[in-house]
Amino acid sequence: MANNRSMASITTAKAARSWSDLRPERRSQVPEGLWLRCPGCGQLIYRKQMEANLHVCPECGHHFRIQAGERIHQLADAGTFEAMFEDLRPKDPLAFEDLKPYAGRLKAEQDRTGRPDAVVAGVGFIKGRQAVLCSLDLGFMMGSMGSVVGETVTRSIELATERKLPLIVVSCSGGARMQESTLSLMQMAKTSAALARHDRAGGLFVSVLADPTTGGVTASFAMLGDVILAEPGALIGFAGPRVIRQTIRQELPEGFQRSEFCLKHGLIDKIVHRAELRNELARLIDYAGL
Amino acid sequence: MATYYTLEFEQPLRTLEEEIAQLKSRVDALTTGQGPTGTGLPEDLAQAEHALAERLSRHSQTMAELYKQLSPWNTVRVARHPSRPQGRDYIELMLRDFTELHGDRRSGEDPAIVTGFGRIGEFKCLVVAHHKGRNTQEKLRCHFGCPHPEGYRKALHKMQLAAKFGVPIVTLVDTPGAFPGLEAEMRGQAEAIAFNLREMSLLPVPIVSVVIGEGGSGGALGIAVADRVAMLQHAWYSVISPEGCAAILWKQANERTNSQAATALKLTARDNLELGVVDAVIDEPPGGAHRDKVLAARNLERWIVAQLESLTQLEPAELLERRYQRYRGLGSFDLAKQEAPVPG
Numbered sequence: 001m002a003n004n005r006s007m008a009s010i011t012t013a014k015a016a017r018s019w020s021d022l023r024p025e026r027r028s029q030v031p032e033g034l035w036l037r038c039p040g041c042g043q044l045i046y047r048k049q050m051e052a053n054l055h056v057c058p059e060c061g062h063h064f065r066i067q068a069g070e071r072i073h074q075l076a077d078a079g080t081f082e083a084m085f086e087d088l089r090p091k092d093p094l095a096f097e098d099l100k101p102y103a104g105r106l107k108a109e110q111d112r113t114g115r116p117d118a119v120v121a122g123v124g125f126i127k128g129r130q131a132v133l134c135s136l137d138l139g140f141m142m143g144s145m146g147s148v149v150g151e152t153v154t155r156s157i158e159l160a161t162e163r164k165l166p167l168i169v170v171s172c173s174g175g176a177r178m179q180e181s182t183l184s185l186m187q188m189a190k191t192s193a194a195l196a197r198h199d200r201a202g203g204l205f206v207s208v209l210a211d212p213t214t215g216g217v218t219a220s221f222a223m224l225g226d227v228i229l230a231e232p233g234a235l236i237g238f239a240g241p242r243v244i245r246q247t248i249r250q251e252l253p254e255g256f257q258r259s260e261f262c263l264k265h266g267l268i269d270k271i272v273h274r275a276e277l278r279n280e281l282a283r284l285i286d287y288a289g290l
Numbered sequence: 291m292a293t294y295y296t297l298e299f300e301q302p303l304r305t306l307e308e309e310i311a312q313l314k315s316r317v318d319a320l321t322t323g324q325g326p327t328g329t330g331l332p333e334d335l336a337q338a339e340h341a342l343a344e345r346l347s348r349h350s351q352t353m354a355e356l357y358k359q360l361s362p363w364n365t366v367r368v369a370r371h372p373s374r375p376q377g378r379d380y381i382e383l384m385l386r387d388f389t390e391l392h393g394d395r396r397s398g399e400d401p402a403i404v405t406g407f408g409r410i411g412e413f414k415c416l417v418v419a420h421h422k423g424r425n426t427q428e429k430l431r432c433h434f435g436c437p438h439p440e441g442y443r444k445a446l447h448k449m450q451l452a453a454k455f456g457v458p459i460v461t462l463v464d465t466p467g468a469f470p471g472l473e474a475e476m477r478g479q480a481e482a483i484a485f486n487l488r489e490m491s492l493l494p495v496p497i498v499s500v501v502i503g504e505g506g507s508g509g510a511l512g513i514a515v516a517d518r519v520a521m522l523q524h525a526w527y528s529v530i531s532p533e534g535c536a537a538i539l540w541k542q543a544n545e546r547t548n549s550q551a552a553t554a555l556k557l558t559a560r561d562n563l564e565l566g567v568v569d570a571v572i573d574e575p576p577g578g579a580h581r582d583k584v585l586a587a588r589n590l591e592r593w594i595v596a597q598l599e600s601l602t603q604l605e606p607a608e609l610l611e612r613r614y615q616r617y618r619g620l621g622s623f624d625l626a627k628q629e630a631p632v633p634g
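Chains as they are written, first to last, in the working numbering: chain H, 1 to 290; chain W, 291 to 634.
Since the hints were derived computationally from the structure, they do not count as laboratory data. Note that this is a predicted model, so its numbers are computed, not measured. For each residue, glycine too, the CB sits at the ideal point set by N, CA and C. Watch out, some of these pointers could steer you wrong.
[Said to hold, decoys possible] Quick list of in silico lysine-lysine cross-link-like pairs, PhoX-like style, CA-CA up to 25 Å:
| no. | chain 1 | residue 1 | chain 2 | residue 2 |
| --- | --- | --- | --- | --- |
| 1 | W | K583 | W | K414 |
| 2 | W | K583 | W | K358 |
| 3 | H | K91 | W | K627 |
| 4 | W | K429 | W | K583 |
| 5 | H | K100 | W | K541 |
| 6 | H | K107 | W | K627 |
[What the hints assert, rightly or not] Now the stretches of chain W that chain H is said to cover, found in silico as 3 or more residues with beta-carbon under 8 Å:
| no. | region |
| --- | --- |
| 7 | 376 to 387 |
| 8 | 477 to 484 |
| 9 | 516 to 529 |
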């Protein structure tokens, strides 16, 4: 896991890391190689072709999970993204220790991913329209929200409000980070309060939900978009299916909490294919007149 | 004492309580001259009374000591005590002229959150309180205090009503968490909580919130964005229940891992005070709120009224700015000195 690659080389968008480096993709026991089996259709697909296709299966359209760097690379006009708030570093305020100490987990994740925490934020252009862009990173402790993620998202919101820029946040997260306990919980209130001000100032916020978006992230900024877009097949919910089954022993229907289910129940505005995301965002920015 | 919920750490108390009960009946027997003799208990009235007084004082000492150093996991157990006063208990004990208001005007009525107008001290207020249910039927109706989206939407609807008429808001938090279920998800549990977090940050009236029992994650926070937040002494407040945390991080939930998780999560009132998440810890009667509901309610009322006295002095703009800064400042991170790598 901790293969001390240098920071700079990994954080570039076209890094060697790909979907299989991300943690638990369903049926992800595919050996590293030129070919991989798509968890969506079971077909053997050529990795390079899949990657060139925005990490979407060319056969069935399964959207593979992607890291934040790749996400920003896909969304922003080439060379326009300027990262911000990168000096924020996580701490271990609770001296939390489970089977491993939190401080050790952080260090290992930082070494493995080359990121200080589970978020990338900054300003960039989408089809020539300037916007504040922020993406959670599922590869870092399941994209969980601790103080650094909460602070980065809040600063991004405040920047968008101040500069009257559209705000786009791509969420993919297991929820609030347990290792910072109530401080993580308070990030939900903090980000939501910043969004309240952004909203009242007439700012646009488009929330993009990728697989999976659950827990405290869903129950705060992810569900507060003026427009909420989701990638196809993304798991979106408050309590995950496993928790629901374990807690109340309820049988869950096929496709429960997937984007299509959420669309049917009126929880999101639209499902957008990854290849269409830039177009859709640009269109929404134009409709908002920003 | 409820016999159906025993706290293991109270074993020394139960031993004393048995002795006290025996001595009491012995004193009665000796006073009236009736009852069994020769059971090894004092035969002399003065002696029996003396022993009883000694046990009683030992009982209160032991109780004070046990409760002074409750482990985090035992704190969770006390917070879940079935006799612990709940939202409706405090409403009955603290508020005058309470009038309950129901429904979210969208899809339903959730009894797991109680809302209504009442008077506390010199103030009018709107109270929003979790309620778990005091008997089996009520517990089932209230889903054991786990609200559905309509509960959160009802809470916001009534809070907006209060804001319209400048009435301060008091919220009492006591939930294991928002309900995890198919219908709750279908009706937008996450959105309901998120929307409350956003809108509560802008309600232009004072909001005072107290965690009276369980502060289970987003389900608690969904009615707990406030100008001042306190916890009762033996309440807990955490991002996840100890059992949930143990199941994920320790891969199994049992007595040992639950206890370890409870400690690691820093979920006690004192821990949360140190983290800056709450502003005050409100003392409970000796041995916990369930042993003296009236005193518990009086302590709670006194703190709430004091907060309302100072918060109602503030102009709405100042109030909202302070509320924003209260949450804006929460979190713990470092700033790196060197230039960080450029991602993307």
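Earlier hints that do not hold, by number:
The structure conflicts with hint 7 only, although it agrees with all the remaining ones.
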